[in-house]
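Protein chains in written order, with this note's numbering: chain A, 13 to 316; chain B, -1 to 412; chain C, 911 to 1214.
I should point out that these hints are in silico values taken from the structure, not numbers from a laboratory.
No experiment lies behind these values; they were computed from the predicted model shown.
Every residue gets a Cβ at the ideal spot worked out from N, C-alpha and C, and that includes glycine.
Keep in mind that a hint or two might mislead.
As a list, the in silico DSSO-like pairs of lysine-lysine whose alpha-carbon atoms are at most 30 Å apart [as the list claims (entries may be wrong)]:
(1) C/Lys1159 - A/Lys270
(2) A/Lys218 - B/Lys50
(3) A/Lys248 - C/Lys1159
(4) A/Lys273 - C/Lys1159
If you anchor each label on the Cβ, the simulated ranges turn out as follows [to be verified]:
(5) C/Gly994 - B/Ala203: 28 to 38 Å
(6) C/Leu1120 - A/Asp280: 58 to 68 Å
(7) B/Leu338 - C/Ile1107: 35 to 45 Å
(8) C/Leu1120 - B/Ala203: 26 to 36 Å
(9) C/Asn1096 - A/Ile276: 51 to 61 Å
(10) A/Asn219 - C/Lys1142: 36 to 46 Å
(11) B/Arg385 - C/Glu941: 42 to 52 Å
(12) B/Ser255 - C/Ile1107: 46 to 56 Å
(13) A/Asp237 - C/Leu1011: 30 to 40 Å
(14) A/His167 - C/Thr1076: 19 to 29 Å
(15) A/Gly222 - B/Ser255: 52 to 62 Å
(16) B/Ile113 - C/Asp1140: 47 to 57 Å
(17) B/Phe220 - A/Ala193: 36 to 46 Å
(18) A/Asp280 - C/Ile1107: 54 to 64 Å
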Amino acid sequence: MSQSRFKTFKDLPKEHLLGTGTAMCAGCGGLEVLHEIYDILGEKTVIINAAGCMTLLSVYPYTPFRGGWLYTSMASAPAGAQGVRDAMDILLAKGRMSTAEDMETVVLTGDGAAYGMGLSSTSGAIERNLHFLYLCYDNEGYGNTGQQTSGATPHAARTATNRGAVGYPGFKKDLFAIWAAHEPAYVASVIGAEPLDLARKVDLAKNIHGPRLILALAPCPTGWDFEPEETVEIGKLAVQSGVWPLKEYRNGQIKHTKIPKKRIPVEDYLKRQGRFVHLFEPKRNDSLLQEIQTRVDAYWSRFE
Amino acid sequence: MSNHLMLTGNVAAAWGARLAGIDYVPAFPITPQTEIIETLARWIEFGEMEAKFLTLDSEHSMITAAGAAAATGVRVFSATSSQGLLYGMEMLYTVAGWRSPFVLVNVSRGLASPITLEPDHNDIFAARDSGFLQLHCSTCQEIVDGILLAYKMAEDRRVRLPVIVNLDGFYLSFTREPVDIPDADHVAQFLPSFDPFNQGFQAVAPFNEAVAVLGGSSYSYFRYQTHLAAMNAEAVMSECAALFAETFGRQYSAIESYRCDDAEVVFVMMGSFATKAKAAVDSLREAGQAVGLLRPFLFRPFPSKAFREALAGKHGVAVVDQNLAPGLGGVIHTELAAHLYGLSGDKPVLVSFIGGLGGRDIEQEEFFEMAQITQQAADDGHPPPPRLLYTSSELREIKKMQTIALHQGGEKCI
Amino acid sequence: MYRIRFHGRGGQGMKTASRILGTAFFREGYEVQDAPRYGAERRGAPIFAYVRASHNKIFERGVIRNPNLVVVADETLVTMPAAGVMQGVNTTTVLLIHSRLTSREWQDRLRLSNPVCILPLGEEGEAFMAWHFIGVMCAAAAARLTGALSRETFDLALGEELSGLTTSVIEENLVHARWAYDQMENVQGCVHSISPIPASSYMKPDWIDLSFEDAKTSTPAIHRELTSEDVKTGLWRTMRPVINRDHCKSCYWICSTYCPDGAIRVDGDGRPHIDYVHCKGCLVCAKQCPNNAIEAVPEKEGDV
Chain A
13 MSQSRFKTFK
23 DLPKEHLLGT
33 GTAMCAGCGG
43 LEVLHEIYDI
53 LGEKTVIINA
63 AGCMTLLSVY
73 PYTPFRGGWL
83 YTSMASAPAG
93 AQGVRDAMDI
103 LLAKGRMSTA
113 EDMETVVLTG
123 DGAAYGMGLS
133 STSGAIERNL
143 HFLYLCYDNE
153 GYGNTGQQTS
163 GATPHAARTA
173 TNRGAVGYPG
183 FKKDLFAIWA
193 AHEPAYVASV
203 IGAEPLDLAR
213 KVDLAKNIHG
223 PRLILALAPC
233 PTGWDFEPEE
243 TVEIGKLAVQ
253 SGVWPLKEYR
263 NGQIKHTKIP
273 KKRIPVEDYL
283 KRQGRFVHLF
293 EPKRNDSLLQ
303 EIQTRVDAYW
313 SRFE
Chain B
-1 MSNHLMLTGN
9 VAAAWGARLA
19 GIDYVPAFPI
29 TPQTEIIETL
39 ARWIEFGEME
49 AKFLTLDSEH
59 SMITAAGAAA
69 ATGVRVFSAT
79 SSQGLLYGME
89 MLYTVAGWRS
99 PFVLVNVSRG
109 LASPITLEPD
119 HNDIFAARDS
129 GFLQLHCSTC
139 QEIVDGILLA
149 YKMAEDRRVR
159 LPVIVNLDGF
169 YLSFTREPVD
179 IPDADHVAQF
189 LPSFDPFNQG
199 FQAVAPFNEA
209 VAVLGGSSYS
219 YFRYQTHLAA
229 MNAEAVMSEC
239 AALFAETFGR
249 QYSAIESYRC
259 DDAEVVFVMM
269 GSFATKAKAA
279 VDSLREAGQA
289 VGLLRPFLFR
299 PFPSKAFREA
309 LAGKHGVAVV
319 DQNLAPGLGG
329 VIHTELAAHL
339 YGLSGDKPVL
349 VSFIGGLGGR
359 DIEQEEFFEM
369 AQITQQAADD
379 GHPPPPRLLY
389 TSSELREIKK
399 MQTIALHQGG
409 EKCI
Chain C
911 MYRIRFHGRG
921 GQGMKTASRI
931 LGTAFFREGY
941 EVQDAPRYGA
951 ERRGAPIFAY
961 VRASHNKIFE
971 RGVIRNPNLV
981 VVADETLVTM
991 PAAGVMQGVN
1001 TTTVLLIHSR
1011 LTSREWQDRL
1021 RLSNPVCILP
1031 LGEEGEAFMA
1041 WHFIGVMCAA
1051 AAARLTGALS
1061 RETFDLALGE
1071 ELSGLTTSVI
1081 EENLVHARWA
1091 YDQMENVQGC
1101 VHSISPIPAS
1111 SYMKPDWIDL
1121 SFEDAKTSTP
1131 AIHRELTSED
1141 VKTGLWRTMR
1151 PVINRDHCKS
1161 CYWICSTYCP
1171 DGAIRVDGDG
1181 RPHIDYVHCK
1191 GCLVCAKQCP
1201 NNAIEAVPEK
1211 EGDV
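Bound-form chain A, shown alone (with noise of 0.2 Å):
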């Protein structure tokens, strides 16, 4: 990491490359690291989206890229980069085009798409050693429908398919892992609070090849119930809660580029959030909440 071009603050990006004016909420987490992501890109990327919040950034006649972008469907967007990547390597290797026409395919989904119905294309191109990197933004549901529950819901959030006392039953699934378990060239988690962990990760990410995954946790104002400004501070209280592990899985290895010295209570960062508010009121649900922390402290437990 001390070889990274992004050594400090200071060496962050001043110059925006994606454009204003798109249909995100004001305060959208996952716009947030799609911008800091894009400054370091570059506009050398074509982007293979699949539905969810961010295929609203391009609405004709809008679009706020400066290289390529291509709307495939929800389950295919890697598809859509296996065809976008091999019709310009052929390209390239006929002389129809010139190496510096190449860009680069960035497949960005949603979580509803990387956890869920995707899983089939995204193995499959894995599988295959696309030169590609995946940029997931999760915002822990099915978000442009409104938040309904989908594969990257934590355990005892309101959704709204799931709005009783103990909001959802089930467990956030862990796409890292399942990354991870097809050993590819890169996977990474990062947010947009950390801007200089992501940065690093990303640089890091653009110059290896193969499939990479860059993972962001996207605090979504009007999926998780909070006021707009909150963004960047839940962001920064997910990664000190350790809710939100920031690592790296390289080589078979997986390392954490941030480990919170003392780790704030859990409880800490859902208080901030409505869509937690079950846990807090009418009544504190102590067993939840001591089964949220937990399951964090056993995590953290690891690597202790």
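Given chain A, put chains B and C in place with the hints provided.
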């Protein structure tokens, strides 16, 4: 100089793709098309053909990759059938809307449920509103030629739509017939290299494709333009066919007309079983009956101009649908009736027959009987209700199977 | 038939307003049809909702093209063409605008002689609080304007539509709604039920035959970059972040990196500048600035 070989329909399809100089084959196996992709894979692997072949995780992914590669600017070929075509159905509509020209071969196979392996046309007709053009082959020669014509039509700037070339499973896919393989130079005269035109991702040129469209007026515009492009294809096909004839000496048209000139009654039928109708027509002519066959080769766009010309002066039409839309009936019959209703002047009587579902054979005697009934209907002006071609002995067979499959009140079967 | 349109921004309760009014009419024995209109709906983005009410069965559907009452919760939308506030407004349409301006000022501004009813904003501090209740206030005012809905009926409808909330919250909503209902005393019943467009004398639709245009033109593809910047998302703002240059330490990165929309650029001297044409007013920058150098002030009408 061309090669004259005995080839199955599947291998003929592979040859069509090879001659077309394709760059990319995203693939996924399914009976009865698998031999197509196996042949291509072998040629590519052993250096007989220069292209990239890869297996995707599903047909939905396969069609996405095909459309995306065509949208990037290379010539793409793929193949599927039946359940696979339907699995990717979402993407058929999608890539057509991208105006991404490529050729997809469908080897027709009856649709589940019940799950089966033998052919009929319900799979290909499920795609008829997708925006893909459709060519339907009745011989192995037509498969090679159809694929070349399909690329030419697809890439024409007045069209820019993907094309499905349909061939029937088993009766063409695994059946060998003599096929002329044109030589590469002639093909190059007919089909130059891929014209990217509206497609292509390049670093210098921002290109945001397939963006969301909100608002009915905008959406209507784009959707209708796809329709106008499809409508252009009937005329474009005529031009391509003329050039094809000039280059290779074989004639194609939107509808093949077999012994129809002085016919009073004609069959309308598509696909490989239509050649059986030709055999029946020959026998009927022997017996003194003025019967012919009209075989649509182009089905999307619906060849309305060709039908108008072909049906002029005909009194009775026996439409033999090798498909069935539950609650409606035969697709060709329905579309033909709709087309005729809009015309002025005398119109032939249409009689609907449903036959060949799941590959059920259609006997020569059945053709003779259909001709008889249609002549009668033309004479008295009253078509009988639609008929499923099905005999009492077939029903007896089902009943026998049912005695095995079904228990009656706790008795064991003997 | 009453044909009423509500215009507001996502999050201002226009859907609730239309449902309360719809339910009130329904309870009063009318045939009713109410619906919100979702576009790329995001918090802050313009949305509208509509209500049809009649003593006869309602066969009309869809967006109301000939409203007899247009209710505007957020006056900044009136002059925004994309919001469609003035769509179909004819000489008899009554306008009800939540505003600090007077009827006369609006009539001058819009160059119309239509009746304009004003739902007043409170004082500065009050106005901010009132935004939480603007939906029910608009519904109540609209109810009074029709002259067809009693206070009691309206209160019951409000109680029904907000039944998922706590008693104290419902009570607060009722207080604000009743206040709005009272404000309309002098103009009660100024909105009359009107007949549909006559078939005997209609304006011919301007039909054309679309001709084929080639695929470069006629696909939803955008061949330019950054066209999204034409969209003035700054109009979403209700609060504006303002940088106090005395306190700003030109840290280079915090506000600029964290801004989800990339609407803060940093100049050569390290000073941040907010792009008010696009700033959505999420206030993440204000919240994160370590020197409290960014203050949030209410957006005044006419500022951009």
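For each hint, the structure was consulted:
| no. | hint | in the structure |
| --- | --- | --- |
| 1 | C/Lys1159 - A/Lys270 | 27 Å, holds |
| 2 | A/Lys218 - B/Lys50 | 25 Å, holds |
| 3 | A/Lys248 - C/Lys1159 | 22 Å, holds |
| 4 | A/Lys273 - C/Lys1159 | 29 Å, holds |
| 5 | C/Gly994 - B/Ala203: 28 to 38 Å | 34 Å, holds |
| 6 | C/Leu1120 - A/Asp280: 58 to 68 Å | 59 Å, holds |
| 7 | B/Leu338 - C/Ile1107: 35 to 45 Å | 37 Å, holds |
| 8 | C/Leu1120 - B/Ala203: 26 to 36 Å | 27 Å, holds |
| 9 | C/Asn1096 - A/Ile276: 51 to 61 Å | 57 Å, holds |
| 10 | A/Asn219 - C/Lys1142: 36 to 46 Å | 38 Å, holds |
| 11 | B/Arg385 - C/Glu941: 42 to 52 Å | 48 Å, holds |
| 12 | B/Ser255 - C/Ile1107: 46 to 56 Å | 52 Å, holds |
| 13 | A/Asp237 - C/Leu1011: 30 to 40 Å | 34 Å, holds |
| 14 | A/His167 - C/Thr1076: 19 to 29 Å | 26 Å, holds |
| 15 | A/Gly222 - B/Ser255: 52 to 62 Å | 56 Å, holds |
| 16 | B/Ile113 - C/Asp1140: 47 to 57 Å | 52 Å, holds |
| 17 | B/Phe220 - A/Ala193: 36 to 46 Å | 41 Å, holds |
| 18 | A/Asp280 - C/Ile1107: 54 to 64 Å | 60 Å, holds |
The structure is consistent with each of the numbered hints, conforming to all of them.
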